[in-house]
Amino acid sequence: AQKVTQTQTSISVMEKTTVTMDCVYETQDSSYFLFWYKQTASGEIVFLIRQDSYKKENATVGHYSLNFQKPKSSIGLIITATQIEDSAVYFCAMRGSSGSWQLIFGSGTQLTVMP
Amino acid sequence: EAAVTQSPRNKVAVTGGKVTLSCNQTNNHNNMYWYRQDTGHGLRLIHYSYGAGSTEKGDIPDGYKASRPSQENFSLILELATPSQTSVYFCASGPGVSNERLFFGHGTKLSVL
Numbered sequence: 001a002q003k004v005t006q007t008q009t010s011i012s013v014m015e016k017t018t019v020t021m022d023c024v025y026e027t028q029d030s031s032y033f034l035f036w037y038k039q040t041a042s043g044e045i046v047f048l049i050r051q052d053s054y055k056k057e058n059a060t061v062g063h064y065s066l067n068f069q070k071p072k073s074s075i076g077l078i079i080t081a082t083q084i085e086d087s088a089v090y091f092c093a094m095r096g097s098s099g100s101w102q103l104i105f106g107s108g109t110q111l112t113v114m115p
Numbered sequence: 001e002a003a004v005t006q007s008p009r010n011k012v013a014v015t016g017g018k019v020t021l022s023c024n025q026t027n028n029h030n031n032m033y034w035y036r037q038d039t040g041h042g043l044r045l046i047h048y049s050y051g052a053g054s055t056e057k058g059d060i061p062d063g064y065k066a067s068r069p070s071q072e073n074f075s076l077i078l079e080l081a082t083p084s085q086t087s088v089y090f091c092a093s094g095p096g097v098s099n100e101r102l103f104f105g106h107g108t109k110l111s112v113l
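Line by line, the protein sequences are chains A and B.
Just so you know, we're using the numbering used here here: the first sequence kicks off at 1 and counts up by one.
Just so you know, we're using the numbering used here here: the second sequence kicks off at 1 and counts up by one.
Chain A on its own, in the form it takes in the complex (with noise of 0.2 Å):
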């Protein structure tokens, strides 16, 4: 069975500071997709960062950036230069190749940035 956990309830940090969300994952898979979702205060629910298991490389969207470590089934979000509209819910969500369309998610970190 796949699994997406977050560990990090929730995150304070001070504007204009860097931060890391923790995600780890578990699947059977040999190919998967992992993504970063973003849940502003009003609800909104929006994609923000995708990392291919098969790509080596971080995967990088403006100020958002992943640290990929497939030996520790690992994929966090680091945001750099924090602002205040960064303050929101980020999950961690994961699909696997092997025939179902499920997108699994975590449950979510709740970030907030003080000015």
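Among the hints, a few may not be true.
In silico lysine to any residue, SDA-like type, Cα no more than 20 Å apart, as pairs [unchecked claim]:
hint, chain 1, residue 1, chain 2, residue 2
1, B, K57, A, Q102
2, A, K38, B, H41
3, B, K65, A, Q102
4, A, K38, B, T5
5, A, K3, B, D59
6, B, K11, B, I77
7, A, K38, B, R101
8, B, K109, A, T40
9, A, K56, B, S98
10, B, K109, A, M114
11, A, K38, A, M114
12, B, K109, A, S42
13, B, K57, A, S98
14, A, K56, B, N99
15, A, K55, A, S30
16, A, K38, A, L48
17, B, K65, B, G40
18, A, K3, B, K109
19, A, K3, B, T39
20, A, K16, A, T112
21, A, K3, B, R44
22, A, K3, B, G40
23, A, K16, A, H63
24, A, K38, B, K11
25, B, K11, A, G43
I should point out that these hints are in silico values taken from the structure, not numbers from a laboratory.
Let chain A serve as the given structure and place chain B on it in line with the hints.
Chain B alone, transformed into the frame defined by chain A:
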């Protein structure tokens, strides 16, 4: 930008009543999904669809039915609503490739009294 619209945005239902949550997407995506969000559980998949006429069970399908009458529309049906189904429900769509990103609607807050 992909548009996924859910209706209603808020719903209060009585125990034992029938509830239908509707979702419409305008981007010709093949895949559509219904998730529920509860504190401490993140997003859990209820039903999904690969295209018009198809529905598949997700992780927590009990007590829910789904209907995909067209490419654009995907409904979630609670035939006999129970208080345990009080939650926020999200619809999402995706183009139907393995590394697809999902586009989410704004959610429906359902309260079953």
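Q) Regarding the pair A/K38 and A/L48, is the alpha-carbon distance no greater than 20 Å? A) 7 Å, holds
**Q.** Proposed proximity, A/T112 with A/K16 (alpha carbon, max 20 Å)
**A.** 12 Å, holds
**Q.** 20 Å limit on alpha-carbon distance, applied to hinted pair B/K57 and A/S98
**A.** The given pair, whose Cα atoms are some 16 Å apart, holds under the 20 Å limit.
(Q) B/K109 and A/M114 were given as a pair; does the straight-line alpha-carbon distance stay at or below 20 Å? (A) Distance ~29 Å between B/K109 and A/M114 Cα, so the pair is violated.
Q. If you draw a straight line from the CA of A/K56 to the CA of B/S98, is it 20 Å or shorter?
A. Measuring from Cα to Cα gives roughly 18 Å; hence the hint holds.
Q | Pairwise hint evaluation, A/M114 against A/K38, where the allowed Cα distance is 20 Å at most | A | 18 Å, holds
(Q) Can you confirm whether the C-alpha distance between A/K56 and B/N99 stays at or below 20 Å? (A) Holds - the C-alpha atoms of B/N99 and A/K56 are around 16 Å apart, at most 20 Å.
Q: Mind checking the alpha carbons of A/K3 and B/R44 for me, to see if they're no more than 20 Å apart?
A: 12 Å, holds
Q) Within a Cα-Cα threshold of 20 Å, do A/K3 and B/D59 meet the stated pairing? A) 12 Å, holds
Q | Pair hint A/K38 and B/R101, alpha-carbon separation not exceeding 20 Å | A | Since the Cα atoms of A/K38 and B/R101 sit roughly 12 Å apart, the hinted pair holds (cutoff 20 Å).
Q: Please work out if B/K11 and A/G43 have their alpha carbons no farther apart than 20 Å.
A: 16 Å, holds
(Q) Tell me if the straight-line CA distance from A/K3 to B/T39 falls inside 20 Å. (A) Holds: A/K3 and B/T39 sit about 17 Å apart, inside 20 Å.
When the structure is compared with the earlier hints, violations turn up for hints 10, 17, 18 and 24 and for no others.
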